[in-house]
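Undergrad: This is what each chain is made of:
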Amino acid sequence: MQQVVLDFSAMGGPCEIRLYAENKAEGHEIALSAKQEILRLATKYSRYQQDTITSRINQLAGTHEKFKVDDETSALLTFADTCFKQSDGLFDITSGVLRRVWDFKKNHLPTQQAVEDLLPLIGWQKIQWNSPYIQLPVVGMEIDFGGFVKEYAADAAANICINSGIKHGLINLAGDIHVIGPHPDGSGWRIGIRHPRQPDQAITTIECHHGALASSGDYERFILVDNKRYSHILNPRTGWPENELASVSIVADQCIVAGASATIAILKGKAGIQWLNELSLKYYCIDWQGKVFNM
Amino acid sequence: MKNKTLMALTAAALALPGMNQKSEASEAITDFQWGYQLTTYQEEDSVKNKTLLGDVERYDIQVHQLQFASPLGEQRDVTLNVTTETMSGASPMGIGRDANNKSAVIMSGASIDESRQDYSANLRQFFKSSDVALSVGYSIEDDYQALSAGLSGNKHVNNDLTTLSGGISLSSDGITPVESGVNDRFPERIDDEPKVSRTLFAGVSQIINRSLAVQLAVNVTSHSGFLSDPYKLRDQRPESRDQWSFIGKIRYFSRKLNAALKVDARWYNDSWGINAQTVDLKWHQNIGQAIKVIPTFRYYSQSQANFYYSSDDLSRTGFQSSDYRLSPYGAMTVGIKWITKFKDWSLSLAWENYQSSASLALKPVSVENPALVQFTRLSFGLTGKF
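For the protein sequence lines, the chains are A and B, in the order given. Last residue of the first sequence? That's 350 in my numbering, and every number before it is there in order. Last residue of the second sequence? That's 1214 in my numbering, and every number before it is there in order.
These aren't lab readings, by the way, just hints derived from the structure by calculation. Each hint should be verified, as a subset may be incorrect.
Unchecked claim - In silico lysine-lysine, BS3-like type, Cα no more than 30 Å apart, as pairs:
#1 A:Lys222 to A:Lys337
#2 A:Lys90 to B:Lys1213
#3 B:Lys1120 to A:Lys79
#4 B:Lys1084 to A:Lys90
#5 B:Lys1023 to B:Lys1110
#6 A:Lys90 to B:Lys956
#7 A:Lys79 to B:Lys1169
#8 A:Lys90 to B:Lys1110
Please model the complete structure; the sequences and the hints are all you need to start from.
TA: The following block contains the structure:
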């Protein structure tokens, strides 16, 4: 069996497709179609490009016009709706407007007033979502698929490989990983979990045969002011980051479930550990003091 | 999965179109395919002390099956099957009583040599989230002809996680027993009698998650016409028979073990008073990419038909049969199948052993039918595509 590796850059990070196939040509062809799927989703749900579905929905905010979404977008919005309900409103795809005041490329904090001014634009419960129709009631409101579309892309790409007969391999989209199956000799993939304070080092490794692993943490994008770290994971109610948990990695059957659960755990702050224990998924979590919790 | 949150998140994730696992039969084939299978079926000899008259050697059957499948454009395919079956041996004609007043088989005197040819064609058309199939078949042997047609379809809903299936089929048969002429050995046999069967089935299958799928189905068949066995000494059955089956199937795939467990259960009853239960277990073990080993186990139990008698009585009138297939019994089948794939070729070998007896029935049986059959089936198959 031959290993095929395809490296590229998409969705704001390095991507890697590793497959074992009977022959290289066939494996390469399958890897390319998986890459196509990732690029398709990256383009479709980009928040930077004009005329994407995200920008078209957001442009209609405040008008009374309903926007009819396609099946895939509808399922993603329903997933977001489920996350919102299951997290008591913490996982909220309308909180992206906070980026207007939180600039993680510059090292300064927004004013409390600036944050508070944006809060009326946040709240998934304000959105009229009646599949397949969505309507954003307030001018300036935005939705954003960025919180889970990369994880979904890992699942969808893995699924293309599985449906093409691949049994061994993985999809790694900048740390959001879907393991198709173990190495041909049956051994698992050893996946390093980043140390949140030394992101180029692994704090531990998790061996994974099947399923997905996703991580969320304050090390990805943050602002460091007076030695205090302000993570990019913002609480939609306060507009400020939750800093209790520095990093959460979760193993689940689907990468999108692992990723959303990791984000919800961080947004829950201290209560996140208890929530993770109840979720009964395998996790590895480090709090802001460096203390490790896992199951 | 115990946690409600996890269940809700997983259900919402599985509804995403990118998560769909391609089901095996959801697309038209893309290559020309052919297959050949040879099956030999050997019934164990009738036990001497349970045989009153005739030859103890029961049926040996050899079946050659040839299949061709071809795409007809992107959304359509066609499959043609040709089967030829040769059988030789003797079969039970009736049940008498021996010197100790025990039930014993009366076998057909001489060995019978017969052959059967069967031709069928199946045309499938695929749409975005559904497919329909039309089938026609013709089967002919010395004393039996059957013409059949069927229409079935699948509709995938709920992001392809749910499949609704349904179908109808019709078979029109003619029974023309041998040696039935006025000057033949059995002038009392019928000459030419018709039989019609109609089947309706409906099912729903649901993918629960990547590892688990379940299916529920119901099947109703109604037969009318000549339903007796013309070769039995005394066999008089009603001219209609309605059958109902309820089928539950579970498919569990373990990625860790690279294996799938298939469990089928069936509850059956009919207007002749037979109730039957079947449990079928198959373990599909993949060994690497190329080899699959499938051990199987099946258990079956049925009650008797209302008009079943454990022995024949020439003075009896009304509906009656001593056919072992209408008797109360249970059966157990164990088997193993080996499939090796090499590039576009696939080779399969299978062995199966079937044992039936009254003691295997779920409910106690007072008199065991002495004609109950035991057999071994061996098959060899080769498929290829180009």
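Undergrad: Each hint should be assessed against the structure and marked as holding or not.
TA: Hints and how they fare:
no.	hint	in the structure
1	A:Lys222 to A:Lys337	23 Å, holds
2	A:Lys90 to B:Lys1213	29 Å, holds
3	B:Lys1120 to A:Lys79	24 Å, holds
4	B:Lys1084 to A:Lys90	26 Å, holds
5	B:Lys1023 to B:Lys1110	35 Å, violated
6	A:Lys90 to B:Lys956	24 Å, holds
7	A:Lys79 to B:Lys1169	19 Å, holds
8	A:Lys90 to B:Lys1110	37 Å, violated
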